[in-house]
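S.K.: What follows is each chain in one-letter form.
Number of protein chains: 6
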Amino acid sequence: MVEEKSIQEFKSGDEIQGFFIIKKIEMKLSTNNKNFLDLTVSDKTGEINGKVWGCQEGQDKDFPTGSLIKVRGNITEWKGKLQLKINLMRLVNEDDGKNIEDYIQGAPIKPEEMFDEIYEYVQKIKNKDIKNIVEKIILESKEKLMYYPAAKSLHHAIRSGLMYHILRMLRTGEKLSEVYANVNKDLLFAGILLHDIEKLEELNSDELGIAEYSKEGQLLGHISMGMNKISQVGQELGANEEIIMILKHMVLSHHYEPEFGSPKKPMIPEGELLHYIDMIDARMYDMEDHLKNIEPGEFTAPIWSLENRRLYKTSF
Amino acid sequence: MVEEKSIQEFKSGDEIQGFFIIKKIEMKLSTNNKNFLDLTVSDKTGEINGKVWGCQEGQDKDFPTGSLIKVRGNITEWKGKLQLKINLMRLVNEDDGKNIEDYIQGAPIKPEEMFDEIYEYVQKIKNKDIKNIVEKIILESKEKLMYYPAAKSLHHAIRSGLMYHILRMLRTGEKLSEVYANVNKDLLFAGILLHDIEKLEELNSDELGIAEYSKEGQLLGHISMGMNKISQVGQELGANEEIIMILKHMVLSHHYEPEFGSPKKPMIPEGELLHYIDMIDARMYDMEDHLKNIEPGEFTAPIWSLENRRLYKTSF
Amino acid sequence: MVEEKSIQEFKSGDEIQGFFIIKKIEMKLSTNNKNFLDLTVSDKTGEINGKVWGCQEGQDKDFPTGSLIKVRGNITEWKGKLQLKINLMRLVNEDDGKNIEDYIQGAPIKPEEMFDEIYEYVQKIKNKDIKNIVEKIILESKEKLMYYPAAKSLHHAIRSGLMYHILRMLRTGEKLSEVYANVNKDLLFAGILLHDIEKLEELNSDELGIAEYSKEGQLLGHISMGMNKISQVGQELGANEEIIMILKHMVLSHHYEPEFGSPKKPMIPEGELLHYIDMIDARMYDMEDHLKNIEPGEFTAPIWSLENRRLYKTSF
Amino acid sequence: MVEEKSIQEFKSGDEIQGFFIIKKIEMKLSTNNKNFLDLTVSDKTGEINGKVWGCQEGQDKDFPTGSLIKVRGNITEWKGKLQLKINLMRLVNEDDGKNIEDYIQGAPIKPEEMFDEIYEYVQKIKNKDIKNIVEKIILESKEKLMYYPAAKSLHHAIRSGLMYHILRMLRTGEKLSEVYANVNKDLLFAGILLHDIEKLEELNSDELGIAEYSKEGQLLGHISMGMNKISQVGQELGANEEIIMILKHMVLSHHYEPEFGSPKKPMIPEGELLHYIDMIDARMYDMEDHLKNIEPGEFTAPIWSLENRRLYKTSF
Amino acid sequence: MVEEKSIQEFKSGDEIQGFFIIKKIEMKLSTNNKNFLDLTVSDKTGEINGKVWGCQEGQDKDFPTGSLIKVRGNITEWKGKLQLKINLMRLVNEDDGKNIEDYIQGAPIKPEEMFDEIYEYVQKIKNKDIKNIVEKIILESKEKLMYYPAAKSLHHAIRSGLMYHILRMLRTGEKLSEVYANVNKDLLFAGILLHDIEKLEELNSDELGIAEYSKEGQLLGHISMGMNKISQVGQELGANEEIIMILKHMVLSHHYEPEFGSPKKPMIPEGELLHYIDMIDARMYDMEDHLKNIEPGEFTAPIWSLENRRLYKTSF
Amino acid sequence: MVEEKSIQEFKSGDEIQGFFIIKKIEMKLSTNNKNFLDLTVSDKTGEINGKVWGCQEGQDKDFPTGSLIKVRGNITEWKGKLQLKINLMRLVNEDDGKNIEDYIQGAPIKPEEMFDEIYEYVQKIKNKDIKNIVEKIILESKEKLMYYPAAKSLHHAIRSGLMYHILRMLRTGEKLSEVYANVNKDLLFAGILLHDIEKLEELNSDELGIAEYSKEGQLLGHISMGMNKISQVGQELGANEEIIMILKHMVLSHHYEPEFGSPKKPMIPEGELLHYIDMIDARMYDMEDHLKNIEPGEFTAPIWSLENRRLYKTSF
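Chains as they are written, first to last, in my numbering: chain A, 1 to 316; chain B, 1 to 316; chain C, 1 to 316; chain D, 1 to 316; chain E, 1 to 316; chain F, 1 to 316.
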């Protein structure tokens, strides 16, 4: 029997029907020289690879990336991963009464709420120069922040993922500064708010949060670009030179290791904390994301972004 | 004029007098073939290298490690480091009315208070098996925990340093679990409480918190030893097999990288957090420790334990 | 003409018939959306990948792993490797008069003989404590030792491969201790006998010697598990503390490099020798295994387990 | 007999007299508790370490860094290196009729000549935007360029060393672009002219070319600072966006390896060439510098900046 | 409409016809168990992968490597790479009036011209011993030099590629020795002429410049083989011992890093230059080769031989 | 009381007298500007650093390296190492009746005996070509083999150390080939006999076994030189090409890792064994050498040649 299921509920052998968003679509040639469509489709609960066998040249043009489709198909398994063999597929029409918003994989908090909370943290910064720089940059970035992911394919690669990442880091930063009370909270909050801000230019994202690298992103990277942004805004606002320098140092050093893009390591405690808070949030996101799909007592498949570790879900 | 100063206040050119503890003492031969004493002395505020020039063979025997001495001398500078040239030195006697307790470099919180707070965290563990294992080990370790340092010469190498390290990690762990609410607090607390527990056997420490590696420490290391401890206690208590295994996995993986002693990386989120909490506490300790001696706007000398970084103290 | 051949004799173009064991079997979907069976089959002389094209959903259930089958098919070549295209295939029945024992790839010496020789080495250990620990562990492990491989897919991944590995290492150890006469033979033999013993728990193997990692194997690894075993047995027997510690050190350090699982390098000559004897036996096994299939004057394909080296077979 | 010699001519055993510049001076305490002066002195031909034994506290204040002194002393050898034991030393006075200019170790071409030649290269740039950016930066930097070294202690750590480095690279770049004719000369020249330009801010140098790192230099480094400079000037001049981006990319990538400060590798041929031209000039400088002091058929001591290689001077 | 196009002009969707050389041909089995031919074909402008679907067993034998064929087919795209689906294919016959020479991908200068220019450089060597060794080796190698590529699949893997590589390096070397005038030109030219000379024995190449590794090449490598060659010829000619040694040192060290085959780094400036000249020529070749296929303002795909960098083509 | 002791028996505080050989002697200047002699002296049991304080310029010339001296002095301790403070010292004269032979640290077997045993192994080689090459080289090397050490300062840096190293490796090789019976003994013996043979030219040793690197040794290394030797001799004797190539491959690959000098890893089992046999002998030598000086239950100081491991001496 055909069941209406969300992606997270799929099991090998299911015959399913549902609504999904197209994240990627490509016409390919099988080794027996027949055309087929290779897609990635998603809903709120996850994403899955799908195939449409034996289709016409050009059929991919009818289904642009980002459209909401209705699908009927079978779930099969290939090398330990589920796959969706699509038997029927069409674009959603008005009669379906479906809203694409309900199918987008995004941060679990509403963008407006997240922005408000982030903006409160900006207000907590006491040093005028630091606050002014951060506030100007955050306000100018607001429009993109509302939907930008934090990555093309790594952690927080979901709609509004970048803001969600910043928000959880701010919460963590605030709590850590209660334990490590010597830390300069102004600097720590500013570092968190600005560290990834030029991902907004390093990536080109559509409103669904699907992103590609920009030209400048590839040639310069968000760290260099972020430092430049701080220089510009800092000079416009006539901020203190040392403050500009230190904010740039925090952005420069937040990846920590040269091979991950930071030619300098943090030379201030707030920079050190920024790095670890960043790592913790990225790793907790990835781990949660992979563990949600397995049963207690099981291991995940090796996870590339975690150096091919397999994660284990405890059963107690 | 001779001033009574604590070590942290020393400046090159001072003529000082004060009371200090001997941490290391060795008779050496200068290149012009004269005996001299080479010492490390400390008080609550820090430690310094000292020399007694032109002394008698055997004079080092009169001043055993750990004794409190009265010293008069001059502060000089050698390769950018202060040095104490000792002109007069004798053991403290009753008339001095000094208490060695007041000169020991130790954690800033009293051991009993720290233990009580740590023990409260033990009580917060809800899973019976986890709690039983942790409680038994912590209670059995209490005596040593009261004064053990966390290292021979790295971070927290002070009296009661290990407990101070554990305590701040517990506080951090509790706060992080408010942001990352899926985390199993029982596991996280247990991991923090047990991760370094066999430093109590890896090191041999005197009551001043001055430590050397034990034989077993060198041949096996505190990670292997800690896993063994958990096995033993877990079996005695008839604890659930998976719980024993997971606690051992947390200890095994907490150094994260093979070259730092962990052959496996964490495969559960609580192990991942444990590692980062450990790093944060060690780094914040080291950074505070080095920054306290410099002025705003200055850099420290390169710090070995921080990959030879020089730290900067902001002036705003 | 259809020939009855063993796997080692296969050549591209052959039409063959024979009896084989199924080591792995999986139903897959070809890129033209047809089901096919993908198998690994083996006999005493080697293993080969096979395909059954155009088969029914569920057909894989009729042929469980470990069963002996009769096959007719063609040998083809794919990317420099032979492949078996299966035309006919059925389970062996009584009339075939075949014994699965004759088709299992296993150590070239009978398990009972190997065990006896290994046990003789145990008897050669003079130190009572060492002997008692080793003897207890070896006797308790006997049942599994009889058929366990030494690995899932690396060297000695054959039935009784672990025991064969231990045995050849003992022979080598004995000979080396004639050249390096200062070496403590008791320790060396004990180290060899125990170094991999917890592969019996790190892996779950069936009686054909086909293995998967266990949960504990993945989370802790055979080195940690082996150390724990020695602790337990040593304490039960009330053995000398230093002996327990040294035996654990040998297990801990036998992989030599942190990135291969040993956080400590050997600190005793017997541990150093153990490592090299282990390496030699693994490498000689792998090299023999790959060279047997090529002609003098030829190179093998790159071999993954030998860092992608190609081996050469001399022609003189 | 006392001979008037330049530093390059010193031999162990010489009794010498001459005029030298003080590059570094420090009062130290010998292990037998006597004060001595530890100096580095230089003339046009090289530098040497010197000692003044048994001197008064404060005597170092009479001889500030950068002063020209008259010295009489003996040349001795210590661990394979020559050393100057100073017997007499005084500041130069008018009667000596000496000009400090004649004793400074500097580039072998006059600064004005070098600047003129460099400026000619600027004029050879045909693209208006590139030329404008480069010209503005070079002209604004002229004053410092006249005397800045290229490093604190590595290659070209001499007066006007940075300009000499740039000049020889331009000559090389021009010649290479004759062989590799597809290369965009405008870009190549611009990259050479700008790649190290912020060494003028990364270092603080006096007019003798003796330098220390600046605060910003340590926290940000000349690569980040150079990119920022190009952004600023480019925007002021309203230059084409892609040109600004590419010039920044060349600065960003010219150290080539992350661990040497470049988070991106060159993605254009001109960036690739820039890197190799930079390496060649640095290495040829270092090699010449070390080989000039040895005889044909001999090896130098291990050279730190050349990964501890010893160089050989051929005798044919 | 079917167009006559060269490979560089192909675009996805084209229906083309043309003449090409077979560089590689293999019969394969598709996953739906049908035979197909998998080829690499080339002309002067590049190479492309091609497929002939549904062909007969043995058909590959009719089209040996190195033959010139006439093809009709369609250009498709597969994973971002163009592919040629061959519909018709036959060997060229006399009536076609085609000359294989016009389809071989080779150096852009005629072999005879290149050899003459190289030989002129030999004549510029003034030192008799160096000249004699180089001349003898170059003359003996002439026949192979005329067509040998410099590699199996890396830079300069085209007909006469090795000579083209040597020639451009000689031109560069000559120019660099104008800037770095202390360099011994005899040595530099000799090093360039001999550094890769045993690629003539490390590889076995056919006259089209298509090569495989020889047995000796795999077991010893062209560096060891080249040193041996110099020893032999040097001794035959009774050359000066130091000269032989230095020439061998240049060959030994020209790959610079142990992991690329040089156990020693250059200890003479000429060896240092040789390395960088070699790198520059290899890199410029690779970059030109990849950039020629993209439009200004675009990036290439990641390039394996350039550590997976993507190159950018500037649009100004 | 003054005691006659050998170096191994020295204890801190001893007043000793004895005969020793000078291995190194240098006149130095103390930091208080007095001359002193810095020596290394040895006898059969070990070596020790010594000082003669307050001596005359030129006094070192009276005591050339390699002379036997009579010494009276005191044993002191400096940084955990014993040192000999020499009070009286003179060259041995006829009346002393001492033979330098009795004081040289050398292999524990007589050179002639070792050579005879080595030569027997040569005779065991059955393949004529292999035997001829090996025999010629060994016979030609005999004179130097009698006294050459295997290193300047690493393992087997004693008189006749190279031959001792070869001999124990041959014994080990013979035994291993009993366990791994497929191994070609001719190749294995030849590889062992030739692998380090050009240390005879890489080093310049005096008859006491004290060595320095030769010019060729530094520029080319014994691996390259050894390959060349085999080529030469092989060609002279008209040996089979493959045999020459394989013997060279064994020499080339015996250090195994590029960073230790082998650009290729062994591609034949005999080469693999050669490497491990070499490692075992070097390590067993070093370990024995360091363990002989400590008591059971103790650790050595960190040993540089063993990656700074500390060794432990078991007490059972």
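Hint data in this document are derived by calculation from the structure and do not stem from the laboratory.
A quick note: this is a predicted structure, and the numbers were derived from the prediction, not measured.
Treat the hints with caution; some may be incorrect.
Treat identical chains as interchangeable: a pair holds within one or across any two.
[Claimed, not checked] Mimicking BS3-like on lysine-lysine, the simulated pairs with C-alpha atoms at most 27 Å apart in a straight line are: (1) LYS81 - LYS175; (2) LYS28 - LYS136; (3) LYS5 - LYS264; (4) LYS23 - LYS292; (5) LYS126 - LYS28; (6) LYS185 - LYS131; (7) LYS215 - LYS185; (8) LYS24 - LYS44; (9) LYS98 - LYS28; (10) LYS98 - LYS185; (11) LYS98 - LYS124; (12) LYS126 - LYS136; (13) LYS110 - LYS264; (14) LYS136 - LYS23; (15) LYS85 - LYS185; (16) LYS34 - LYS264; (17) LYS152 - LYS175; (18) LYS265 - LYS152; (19) LYS85 - LYS142; (20) LYS85 - LYS24; (21) LYS61 - LYS44; (22) LYS313 - LYS85; (23) LYS185 - LYS61; (24) LYS61 - LYS23; (25) LYS126 - LYS81.
S.K.: If a hint holds in the structure, say so; if it does not, say that too.
M.R.: Comparing the hints with the structure gives:
no., hint, verdict
1, LYS81 - LYS175, "neither (39 Å within a copy, 36 Å between copies)"
2, LYS28 - LYS136, "neither (47 Å within a copy, 53 Å between copies)"
3, LYS5 - LYS264, "neither (49 Å within a copy, 37 Å between copies)"
4, LYS23 - LYS292, "within (21 Å within a copy, 32 Å between copies)"
5, LYS126 - LYS28, "neither (57 Å within a copy, 46 Å between copies)"
6, LYS185 - LYS131, "within (12 Å within a copy, 35 Å between copies)"
7, LYS215 - LYS185, "between (35 Å within a copy, 23 Å between copies)"
8, LYS24 - LYS44, "within (16 Å within a copy, 36 Å between copies)"
9, LYS98 - LYS28, "neither (30 Å within a copy, 35 Å between copies)"
10, LYS98 - LYS185, "neither (45 Å within a copy, 40 Å between copies)"
11, LYS98 - LYS124, "neither (41 Å within a copy, 47 Å between copies)"
12, LYS126 - LYS136, "within (15 Å within a copy, 39 Å between copies)"
13, LYS110 - LYS264, "neither (36 Å within a copy, 36 Å between copies)"
14, LYS136 - LYS23, "neither (33 Å within a copy, 47 Å between copies)"
15, LYS85 - LYS185, "neither (52 Å within a copy, 41 Å between copies)"
16, LYS34 - LYS264, "neither (52 Å within a copy, 41 Å between copies)"
17, LYS152 - LYS175, "neither (29 Å within a copy, 30 Å between copies)"
18, LYS265 - LYS152, "both (25 Å within a copy, 21 Å between copies)"
19, LYS85 - LYS142, "neither (40 Å within a copy, 50 Å between copies)"
20, LYS85 - LYS24, "both (15 Å within a copy, 25 Å between copies)"
21, LYS61 - LYS44, "within (24 Å within a copy, 35 Å between copies)"
22, LYS313 - LYS85, "neither (29 Å within a copy, 40 Å between copies)"
23, LYS185 - LYS61, "neither (52 Å within a copy, 43 Å between copies)"
24, LYS61 - LYS23, "within (14 Å within a copy, 36 Å between copies)"
25, LYS126 - LYS81, "neither (51 Å within a copy, 37 Å between copies)"
Checked against the numbered hints given earlier, the structure breaks hints 1, 2, 3, 5, 9, 10, 11, 13, 14, 15, 16, 17, 19, 22, 23 and 25 and satisfies all the rest.
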